[in-house]
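Residue numbering for the sequence shown is 43 to 593, as defined by the working numbering.
FYI, nobody ran anything at the bench for these hints, they're computed from the structure. Just so you know, not all the hints are guaranteed correct.
Stated by the list, open to error - Just the calculated beta-carbon pair ranges, DEER-fashion:
#: 1; residue 1: H486; residue 2: T578; range: 37 to 45 Å
#: 2; residue 1: H270; residue 2: I237; range: 38 to 46 Å
#: 3; residue 1: I245; residue 2: S131; range: 49 to 57 Å
#: 4; residue 1: Y268; residue 2: Q423; range: 20 to 28 Å
#: 5; residue 1: D541; residue 2: A495; range: 39 to 47 Å
#: 6; residue 1: I245; residue 2: F422; range: 42 to 50 Å
#: 7; residue 1: N429; residue 2: G384; range: 20 to 28 Å
#: 8; residue 1: Q423; residue 2: I237; range: 44 to 52 Å
#: 9; residue 1: D421; residue 2: M238; range: 46 to 54 Å
#: 10; residue 1: R392; residue 2: S239; range: 24 to 32 Å
Where is the CB? At the ideal position from N, CA and C, for every residue including glycine.
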Amino acid sequence: MRDRIHQVNGASADLLGQWSSRWASGLKPGRCWPIKTGALVLREDISVVLHFISLLTSSNRTQNDISRRFSETGLVQGVPSIGVISPPSNISRVGPWDIIVVGSGYAGLTATRDLCLAGHKVLLVEARDRIGGRSWSSNIGEYPFEMGGTWVHWGQPHVWREISRYQMREELEASFDFSRGVNHFQLRTNEGESIMSHDEEDILLAAALGKFVDVDGAMGRKIIPYAHDAFHVPEARQYDTKSAADRLKEIATSLTPNERTALESFVLLCSCGTLETTSFFEFLHWWALCGYSYEGCMDALISYKFKGGQSSFAIRFFKEALATGNLSYSFNSPVQSVSDQGGKVTLTTRDGHQYTGSRLVSTIPLNVLNTVSFSPPLDFQRASAANTGHVNQCVKVHAEISNKNMRSWTGISYPFNKLTYAIGDGTTPAGNTHIVCFGGFHNHIQPQEDINATKKAVQSMAPGNMDIKRLVFHNWSKDEFAKGAWFFSPPNLLSTSLDALRSRHGNVLFANSDWAVGWRSFIDGAIEEGTRAAFTVTEELRGSSTSRSRL
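Taking the hints into account, I'd like the entire structure generated from these sequences.
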């Protein structure tokens with residue numbers, strides 16, 4: 043079922059030497075991935091490298107990327123990314139602009155590019171110092187670690203159009219490689235441990251998921267026949283009143299202990315909330331998007347990624363927009379307020395800068411939307427949804443380990459462990475195995491606050507086989523411009539608020555993957571939303587331009 047091969051890179055030179063070399067070259071004029079520096083604290087007890095982000099919250103300071111690698115040589119700060127934009131602003135005019143776009147995730151990048159290509163003067167305002175939003179990568183030791191967002195698939199129509207457009211089809215690689223090494227699945231529960239083949243893993247999860255989603259005798263096909271119009275069948279709304287925990291109660295007697303454990307961990311991998319706060323409907327929607335099968339889920343959700351990392355994709359959008367000559371931008375510019383005065387929209391940043399445009403496209407994520415003041419105020423339903431927020435508090439930890447045989451390993455460690463699901467995801471230039479691990483709010487951990495607990499959680503995935511050389515992570519829960527990872531809804535949110543979230547607010551349009559109708563919460567959904575907003579604005583401005591020309 044999963045025949046996924048990943049090419050192994052050759053060995054690299056000393057990692058510290060590489061880091062110093064890349065630091066020096068990165069600071070040369072013209073390079074756009076400057077490395078932020080910090081303190082060095084000596085530690086000799088364990089060979090671990092940590093990279094994480096700490097975001098400053100005072101109103102007169104902007105984001106500062108802090109990376110940490112924890113090894114025999116000490117604790118070093120600095121995260122390089124090709125998504126960092128330098129200089130942080132190119133504004134050379136007073137304005138006004140035709141359109142202001144807030145946020146440079148994939149929704150914002152898509153809207154910005156499309157609007158620039160249509161000939162509009164666009165101002166892109168971004169709180170961080172980089173593009174990508176919740177999907178970006180950091181190249182450390184010549185290896186791209188995906189800090190947020192990773193996998194894409196040709197079954198995702200909007201993202202695949204862009205991959206084809208930028209001729210990046212050959213830039214994809216498979217995460218899984220079961221051609222060598224231990225080549226097994228490890229299930230660790232409160233009752234003990236089981237070692238299975240990957241075929242047995244697939245059979246276990248396919249059986250459990252089949253029982254979970256089969257609400258209509260057709261594996262969900264009758265209740266959600268159109269995955270990009272999930273409420274097409276009115277009866278589908280009833281499933282948004284249920285949580286994953288509610289559904290588990292309904293099928294509890296039909297599940298074996300291993301099925302129950304595997305199922306719960308997989309559901310929580312998707313939502314990174316709790317079983318009680320995970321909308322059963324939204325899981326059914328994911329299932330429909332993936333072709334109503336476990337195999338489809340594995341292929342679409344966790345199999346194919348960019349060799350150069352997500353930032354190698356995002357930068358294509360930005361560069362194309364910049365090449366039009368129509369793009370102005372300001373990074374390190376968190377938004378304080380948005381005021382729609384009828385004839386124009388005024389944006390005010392936290393540091394007091396004001397910009398005006400005929401339209402504004404907000405790509406601010408749901409969990410952050412209530413931190414920005416809007417005038418007129420947001421409608422009740424949208425504001426209520428923003429105050430409720432989504433539930434995803436994902437903990438994503440990358441581990442570089444010395445055990446080469448673990449490249450073909452996958453594992454679940456649940457419910458006792460702080461990290462519950464992990465896979466072998468690549469081989470670094472140093473010849474080490476890259477393991478990516480996931481946890482969530484159900485058993486939450488703040489990785490940088492207790493490194494020993496984080497290390498223990500990684501090692502507990504496969505005791506005795508996790509000789510950690512490096513850990514890499516971004517704390518999305520502490521990220522003030524995300525307040526969580528990808529969107530996953532609680533019960534009753536989508537059925538009551540999706541239409542409101544997608545609606546416009548005067549001259550302000552809202553575009554974000556959090557309320558896409560298709561691959562909601564995915565990169566594909568973000569591109570869908572950015573495309574929708576850009577098309578709407580272009581049509582409106584074309585109409586107003588035509589009207590003026592007739593006067």
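Each hint, compared with the structure:
| no. | hint | in the structure |
| --- | --- | --- |
| 1 | H486 <-> T578: 37 to 45 Å | 39 Å, holds |
| 2 | H270 <-> I237: 38 to 46 Å | 40 Å, holds |
| 3 | I245 <-> S131: 49 to 57 Å | 55 Å, holds |
| 4 | Y268 <-> Q423: 20 to 28 Å | 24 Å, holds |
| 5 | D541 <-> A495: 39 to 47 Å | 42 Å, holds |
| 6 | I245 <-> F422: 42 to 50 Å | 48 Å, holds |
| 7 | N429 <-> G384: 20 to 28 Å | 27 Å, holds |
| 8 | Q423 <-> I237: 44 to 52 Å | 50 Å, holds |
| 9 | D421 <-> M238: 46 to 54 Å | 51 Å, holds |
| 10 | R392 <-> S239: 24 to 32 Å | 54 Å, violated |
Figure legend: structure checked against the earlier numbered hints; the only hint not met is number 10.
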